[in-house]
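Protein chains: 4
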Amino acid sequence: MIAEFSIVPITGEESLSRYIAIVLKQVKESGLNYQLTPMGTIVEGECHEVFALIEKCHVTMKNHANRVLTRISIDDRGEDLSRMHRKVESVLEKLYE
Amino acid sequence: MIAEFSIVPITGEESLSRYIAIVLKQVKESGLNYQLTPMGTIVEGECHEVFALIEKCHVTMKNHANRVLTRISIDDRGEDLSRMHRKVESVLEKLYE
Amino acid sequence: MIAEFSIVPITGEESLSRYIAIVLKQVKESGLNYQLTPMGTIVEGECHEVFALIEKCHVTMKNHANRVLTRISIDDRGEDLSRMHRKVESVLEKLYE
Amino acid sequence: MIAEFSIVPITGEESLSRYIAIVLKQVKESGLNYQLTPMGTIVEGECHEVFALIEKCHVTMKNHANRVLTRISIDDRGEDLSRMHRKVESVLEKLYE
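As you go down the protein sequences, you meet chains A, B, C and D in turn.
Just so you know, the working numbering puts 18 at position 18 of the first sequence, and the rest follows in order with no gaps.
Just so you know, the working numbering puts 64 at position 64 of the second sequence, and the rest follows in order with no gaps.
Just so you know, the working numbering puts 93 at position 93 of the third sequence, and the rest follows in order with no gaps.
Just so you know, the working numbering puts 32 at position 32 of the fourth sequence, and the rest follows in order with no gaps.
Bear in mind the hints are in silico, worked out from the structure with no lab data behind them.
Just so you know, even glycine gets a beta-carbon here, dropped at the ideal spot from N, CA and C.
Hints may be right or wrong, so weigh each one.
List of simulated lysine to aspartate or glutamate pairs, DMTMM-like, C-alpha gap at most 20 Å [what the hints assert, rightly or not]:
1) C/Lys94 x B/Glu93
2) A/Lys62 x A/Glu14
3) C/Lys28 x C/Glu13
4) C/Lys25 x C/Glu55
5) A/Lys56 x A/Glu29
6) B/Lys62 x A/Glu46
7) C/Lys62 x A/Glu49
8) C/Lys56 x D/Glu49
9) A/Lys62 x C/Glu55
10) B/Lys62 x A/Glu49
11) B/Lys62 x D/Glu13
12) D/Lys62 x D/Glu46
13) D/Lys62 x C/Glu46
Residues from chain B shown here face chain D by an in silico Cβ test under 8 Å; the list is partial [what the hints assert, rightly or not]:
14) Thr11
15) Gly12
16) Glu14
17) Asn66
18) Arg67
19) Leu69
Isolated chain A, as found in the complex:
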């Protein structure tokens, strides 16, 4: 499945890039296919792998702030593990049909 998530620690620092780097490090270590966007991190993997990774990232961020806001969007079509790039291509094809 594909999931996008963003984890925001309420620390008073306006710049969050340092914290996003902490999350991204764990995403890379997971070995899952991923993409960093201006609004979050998109990962692709088996359902349980993805939930476990996001929970781990959330728990890690709790070490950096007492309050953490996490937002997750999941698109689970289940059939395979290489939809992430094809989804974008599929839209672009229809746009130029």
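Place chains B, C and D on chain A using the hints.
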């Protein structure tokens, strides 16, 4: 922590209440404190309990539709397990100060 | 349509209830049907009314913080303006069928 | 500000790419800076331009389905209009520090 989630199966049925009832049944069985709103289900519990419940609900919904869209918002302040109602009260107090 | 939204100013204050009260004040002034939940504010109204209200609340919050994170979920079924409470009732009926 | 959005018509069609192409067409016509991701469309512009575009896309989708679910996430730091790519670069720099 407090989390709100909504799980939408893409089945072609416009009414989703039958599917929300399936989710709510599992939420009730979990024993966690919960609230059903017009836009989703809010649950409160330890971090791992909440992630496990939402993953279980998502996996269950995959039995009803090939494609499932799930949206989760988490507010983790960690310190206790009875914030759900106090959060609303705290806002209302400030509104009428 | 029904929409839930949450507006988080990045100010360094861990408690956000003061800011939620500012939003809620504008929601009340709009005259729209609303419900405050532990995770956000749910409003119901015509499409343009709801978008205008949320934009207004977001712009107001920019007076309180340089960085503001806003999250909106919309469920637009269009046909009428009193679904907010019926949605919850409809699920509960199916749960106990 | 930067906003990501996704608009899902409940039509019974499992593939949504045809509908995302309709949204993307309007995004391109708006002239705003944008990026299509596997989970949504990210746009960058002045606050009112972005709200107006997303409302327009949502209303257009209502012509294709009686029920439409829209999800929006906004990150408004206000100061300039070219953060979209710098946000990703800023994280990557910290990752490799």
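Results for each hint:
For the proposed pair C/Lys94 and B/Glu93, the alpha carbon gap of about 36 Å is over 20 Å, so the pair is violated. Among the hinted pairs, A/Lys62 with A/Glu14 is consistent with the structure: their alpha-carbon atoms are about 17 Å apart, no more than 20 Å. Straight-line distance between C-alpha atoms of C/Lys28 and C/Glu13 comes to about 25 Å, which puts the hinted pair past the 20 Å bound. The hinted pair formed by C/Lys25 and C/Glu55 meets the criterion: a straight-line CA distance of about 14 Å does not exceed 20 Å.
Taken as a hint, the A/Lys56 and A/Glu29 pair is honoured in the structure, with Cα atoms around 12 Å apart against an allowance of 20 Å. Among the hinted pairs, B/Lys62 with A/Glu46 is consistent with the structure: their alpha-carbon atoms are about 13 Å apart, no more than 20 Å. Taken as a hint, the C/Lys62 and A/Glu49 pair is broken in the structure, with Cα atoms around 38 Å apart against an allowance of 20 Å. At most 20 Å may separate the alpha-carbon atoms for a hinted pair to count; C/Lys56 and D/Glu49 meet this at roughly 13 Å.
Between the alpha carbons of A/Lys62 and C/Glu55 the distance comes to roughly 31 Å, so the proposed pair goes past 20 Å and is violated. At roughly 16 Å between alpha-carbon atoms, B/Lys62 and A/Glu49 fall within 20 Å of each other, so this suggested pair holds. Pair hint B/Lys62 plus D/Glu13 holds up; C-alpha atoms about 16 Å apart against a cutoff of 20 Å. Of the supplied pair hints, the one linking D/Lys62 and D/Glu46 is violated, its CA atoms being roughly 25 Å apart against a limit of 20 Å.
Between the alpha carbons of D/Lys62 and C/Glu46 the distance comes to roughly 13 Å, so the proposed pair stays at or under 20 Å and holds. About 7 Å separates the beta-carbon of B/Thr11 from the nearest beta-carbon of chain D, less than 8 Å, and the hint is met. At a threshold of 8 Å, the smallest CB-CB gap from B/Gly12 to chain D is about 2 Å, leaving the interface hint in force. Using the Cβ-Cβ criterion of 8 Å, the hint placing B/Glu14 at the interface with chain D is satisfied: the shortest such distance is roughly 5 Å.
Nearest Cβ of chain D to the Cβ of B/Asn66: about 6 Å, under the 8 Å cut. The hint holds. Evaluation of the B/Arg67 hint against chain D yields a held restraint, the C-beta minimum of about 5 Å falling below 8 Å. With a least beta-carbon distance of about 7 Å to chain D, the hint placing B/Leu69 at the interface is held under the 8 Å criterion.
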